[in-house]
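Novice: If you want the building blocks of each chain, they are given just below.
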Amino acid sequence: MKSRDVVLVDGIRTAFGKAGEKGFFWQTRADDMVVRVIRELLRRNPQVEPGMVEENVWGATTQEGDQGTTMGRTTALLAGLSERCSGFSVDRMCAGGMTAVTAAASEIALGACDIAIAGGVEHLGHHPLGASADPNPRFLTERIVSEDALVMGKTAENLHDMFPEVTKEMADEYAFHSQRKTARAIESGVISKMIVPMTVYTKAGWVTADRDEQPRPETTMDGLRALKTPFRTMGKVTAGNSSGLNDGAAGVLLMSADKARELGVAPMMRMVGYAYEGVRPEIMGVGPIPSTKKVLARTGLAIDDIGLIELNEAFAVQCILFMKEFGLNFPVDDRLNPWGGAIAFGHPLAGSGPRLMLHMMHLFAERPDVRYGLTALCVGLGQGGSVVWENLRVDSAAGVCADNK
Amino acid sequence: MGEPTTNFYANFYESPVGKIAIATMDNGFDYKRPNTFSEESMASLNAMLDKVLATPDVKGMMITGKPYIFAAGADLTQVPFVTTFEQGYGIAKVGHTVMKRIMDAPFPTLAAINGVALGGGLEIALYCSHRTIMKSAQGIAFPECFLGIVPGWGGCTLATKLLGPEKALEFIIFNALNQNRMLNGPQVHAMGLADRIFDGAEFLDESLRFLMDVIAGKAIVERPVFGAEGVKPLFAKAKAFVDSRVHGAAPAPYRALELIEGACTWDMERGFEEENKALGDLIKSRQCKASIYSFDLVNRYAKKPKGAPEVKAPRARKVGIIGAGLMASQLAQLFIYRLGVPVVMKDVKQEFVDKGLGYVRQEFQKMAEKGKMSEARARYLAGLAIGTLDYKDFADCDLVIEAVFEEMSVKRQVLAEVEAVVSPECILATNTSSLSVTEMAAGLKHPERVVGIHFFNPVAVLPLVEIIRAAKTSEAAVAAAFGFAKGLRKTAVLVKDAPAFLVNRLLTKMLVDCLEMVDEGASFQQVDDALLALGLPMAPFELLALVGPAIALHVNETLNRAFGPERFPISPGFGKMVEARIPVIYVPGSDRAKVIPEVEALWPEAGGREFHPEEVRERVLNNLAREIDLILKEKVVASSRDVDLGMIMGAGWPFFMGGITMHLDMAGVTPKVLQKVFFSV
Chain A
1 MKSRDVVLVD
11 GIRTAFGKAG
21 EKGFFWQTRA
31 DDMVVRVIRE
41 LLRRNPQVEP
51 GMVEENVWGA
61 TTQEGDQGTT
71 MGRTTALLAG
81 LSERCSGFSV
91 DRMCAGGMTA
101 VTAAASEIAL
111 GACDIAIAGG
121 VEHLGHHPLG
131 ASADPNPRFL
141 TERIVSEDAL
151 VMGKTAENLH
161 DMFPEVTKEM
171 ADEYAFHSQR
181 KTARAIESGV
191 ISKMIVPMTV
201 YTKAGWVTAD
211 RDEQPRPETT
221 MDGLRALKTP
231 FRTMGKVTAG
241 NSSGLNDGAA
251 GVLLMSADKA
261 RELGVAPMMR
271 MVGYAYEGVR
281 PEIMGVGPIP
291 STKKVLARTG
301 LAIDDIGLIE
311 LNEAFAVQCI
321 LFMKEFGLNF
331 PVDDRLNPWG
341 GAIAFGHPLA
351 GSGPRLMLHM
361 MHLFAERPDV
371 RYGLTALCVG
381 LGQGGSVVWE
391 NLRVDSAAGV
401 CADNK
Chain B
1 MGEPTTNFYA
11 NFYESPVGKI
21 AIATMDNGFD
31 YKRPNTFSEE
41 SMASLNAMLD
51 KVLATPDVKG
61 MMITGKPYIF
71 AAGADLTQVP
81 FVTTFEQGYG
91 IAKVGHTVMK
101 RIMDAPFPTL
111 AAINGVALGG
121 GLEIALYCSH
131 RTIMKSAQGI
141 AFPECFLGIV
151 PGWGGCTLAT
161 KLLGPEKALE
171 FIIFNALNQN
181 RMLNGPQVHA
191 MGLADRIFDG
201 AEFLDESLRF
211 LMDVIAGKAI
221 VERPVFGAEG
231 VKPLFAKAKA
241 FVDSRVHGAA
251 PAPYRALELI
261 EGACTWDMER
271 GFEEENKALG
281 DLIKSRQCKA
291 SIYSFDLVNR
301 YAKKPKGAPE
311 VKAPRARKVG
321 IIGAGLMASQ
331 LAQLFIYRLG
341 VPVVMKDVKQ
351 EFVDKGLGYV
361 RQEFQKMAEK
371 GKMSEARARY
381 LAGLAIGTLD
391 YKDFADCDLV
401 IEAVFEEMSV
411 KRQVLAEVEA
421 VVSPECILAT
431 NTSSLSVTEM
441 AAGLKHPERV
451 VGIHFFNPVA
461 VLPLVEIIRA
471 AKTSEAAVAA
481 AFGFAKGLRK
491 TAVLVKDAPA
501 FLVNRLLTKM
511 LVDCLEMVDE
521 GASFQQVDDA
531 LLALGLPMAP
541 FELLALVGPA
551 IALHVNETLN
561 RAFGPERFPI
571 SPGFGKMVEA
581 RIPVIYVPGS
591 DRAKVIPEVE
601 ALWPEAGGRE
611 FHPEEVRERV
621 LNNLAREIDL
631 ILKEKVVASS
641 RDVDLGMIMG
651 AGWPFFMGGI
661 TMHLDMAGVT
671 PKVLQKVFFS
681 V
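Chains A and B supply the protein sequences, listed in that same order. Mapping the first sequence onto my numbering, position 62 (from 1) lands on 62, and the numbers just tick up by one. Mapping the second sequence onto my numbering, position 516 (from 1) lands on 516, and the numbers just tick up by one.
Just so you know, these hints were derived from the structure itself, not from any lab.
List of simulated lysine-lysine pairs, BS3-like, C-alpha gap at most 27 Å:
(1) Lys-19(B) to Lys-22(A)
(2) Lys-193(A) to Lys-218(B)
(3) Lys-672(B) to Lys-635(B)
(4) Lys-22(A) to Lys-51(B)
(5) Lys-203(A) to Lys-51(B)
(6) Lys-19(B) to Lys-203(A)
(7) Lys-284(B) to Lys-93(B)
(8) Lys-324(A) to Lys-181(A)
(9) Lys-239(B) to Lys-594(B)
(10) Lys-32(B) to Lys-203(A)
(11) Lys-203(A) to Lys-135(B)
(12) Lys-19(B) to Lys-18(A)
(13) Lys-22(A) to Lys-181(A)
(14) Lys-193(A) to Lys-19(B)
(15) Lys-472(B) to Lys-312(B)
(16) Lys-22(A) to Lys-32(B)
(17) Lys-203(A) to Lys-59(B)
(18) Lys-59(B) to Lys-193(A)
(19) Lys-167(B) to Lys-100(B)
What follows is a set of in silico ranges between Cβ atoms, one per label pair, in the way DEER data are often shown:
(20) Lys-304(B) to Ser-146(A): 51 to 61 Å
(21) Leu-546(B) to Thr-69(A): 50 to 60 Å
(22) Arg-181(B) to Thr-69(A): 30 to 40 Å
Every residue, glycine too, gets a C-beta built ideally from N, C-alpha and C.
Turn these sequences into a full structure, and let the hints steer you where they fit.
Specialist: Put into structure tokens, the structure is as follows:
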């Protein structure tokens, strides 16, 4: 089968809430959040009738309870897609949503379907990471991984140990700028364009969740310095220079470039290629470095061809290492996370990959001078995931799709 | 014990068109305990409105309920304590005053009806400038007239102004008196009560979007204005309907008629004032008290009637029916429909069996044609009916019920034959309406497994079953019968093995008195009219035709043998009527205007003496009070509540009579005849 061009037409997400009883999504089901995203995608793209969506793929790390029962299929039914729409769920922990998108795109590329919805959701309030995990005892008895590998904060501390040149001060500085960039982006109104408000039930009445609960625009360096290091005594990783525990869903609408032309929809970006690669679980945060090298090698692009990078900020240290590896400026590089990242927005695991894509889509629209963008994230238990996108909102968009082979 | 307090919470949403208040009604429990409005709730609403109205720049307000429940109306547990006009008037006035503040808000208000909305819970929505309804919503109604009151928190006035008198009558009066019929989302939208209908998936988000469009002036709802022209025939028709249902015996629907008619011309303030007065009069009325009592009986007491065993019985996996006649076929269809288990019907001739199976097949076919189930399911269910001539096919049944004709020797014989093939645990039941279950069980090896399960005809319509505990019936058999009835969604009352059990004994006592008065010279019509005026669902002599004179005489004879001719005499004319196989008293279709000549010939005296209607009622009610007293003394049932539940669910007697004992108590009959009351806490 001949591979076909796959384009991302649109994307939307819920607000990201704080996990736990105080978060606004505490009484809301994860699958209902997915349904809201799916329906909003269709509402925003009326050329795509509900019956035209053929595949619905959702990533979630914990696949039980309100995130279980083959969510890709159940949410297709709950959202009112055609009963003919197939669906499945995937799990690649933090890259679950990214994997949903690349899996759906691969189906489209190979001609298995024309139109798909894909995304990721994580309700960490309902499903704390690892709460129901039952890791094989061999991991520890045979020292396949160290105990640290299962606690993400400890893997970040490990990175500081391995790369002592990345200090706590630097991590805090990175986090400070992330919060600042996010605050500015929220202020400018661009972030609310990515969020579909959702009216949710709480014990104090219904509220409309229309903005993220996690960002702390008031963050100061002094405040960051004062935070505890919960993962070890005299450690470097704090709640301030890490992403939060969050509830949220994000999804995108994908189709073949041909289908987009046929329907007369203007796609935002084209998936150029993607790659995943594993690293040692104890230092999972470096994952995006090899996966990015891999995707660049396979697409024939160089890092200098990439004009914008959306990197998930699981931990500041892991971003700083990425910046060093690819020669970006510390603490702020215009190419990387111009609107901040997960340190400010929060990180609902599988929901984060698609959030990066939403940022890329909106960044591309503002930056017609940029042709290629990268979305990347690290993955618990040691992986990286990287997707390269081509901006279809460039000044001379015409013909871009034509000669990419 | 009152209901949990429903509180009103306000949150604010900074929407693209400005600040919107989101008001939530929530009693803190899940959907199984719906929101209800008490005095405290009204105070909470008031405080919530204070907060919203004091907040600057509010552009609109959405009111909604907790998940699946909007609000189920006033807290009825407070009704029994209202004994004066002033109290009822005050309750109405508080509701009007507080809810009207929603209407007076200087911004658009939207009721997002996300589920059950009853009575006061629906009235609050009428004060909003706009309404949306969830597509899957069920249980939208004004049940007030059904409960002896009127929608008096603005319902009569505002529904009439919003929907016009025709729909208001339908909604407030016709539906309430048609077994409290409730509407669903699409119906509420179609009638114009809701401006928009949205899917459940994003109901509140879509509702908010609609409110934003209203605020932005993008959504404009045109509302018709209704006048008072040409409405007279509507009210005449509605009055006739109410007469046919309650025969003047219940004041509430008549009062609602007046309020709706008035609302066509009155201004709102006048309408509200008249509603205040109506509730002042009605809440204290005996019909209201009896209705609330009945409502509690049916909705709460019936779930756990006195004497119902604590133990849970295992589910019947296969059921046998002895007989394949009409009653047996009705039972087979019901068992299959509700339990989804195979049902074996046994009769003595293949043609009887085939006829029974044909009936079952046809009933399911009809359900499929009405769209109640798929063709495939109808075929599957019909296939669960198994016909046989051989008792062996009962071998693996968990329960076998006999529905052969009312002849003790036949019943004893078939039960013995069944016992020979079934497992030791199999429950043997009888659907007898008047024979002794104890006697029926006597010859069996295991009489303790025999229990009476007495259904009422038509089986699909009347919700009652009497469960008869015979002398030796085991607790397990009683539990199995209750579990079985519950699976069939019937209301069960535990009754001792006494002649004619409960409901038939009372109905027969009434019939006997009626016949006696005719024997004394009253006309059939005089007797029927006098008793209909109590609000009975059917005139006694019409009921006689429905039941069948032969069956009625059979029960009469049973009671005559058991309790003697003093209380249960057999009218000679009645005996002859059955002998002559005359099926009816009145000329069919004559609406009780004309007695058929053959019957007239049997009662030459009839019409010869003028009976005052009050005299007719007095005799019947006095005797009913005495008979009920005996029934309770004999411990036929455990409580007067069982008597009332039986009359409501098995004879269709109205809520506003409280079955019967509540009426007898409050109308002074019990105190006069027995120097006491039946009611006890």
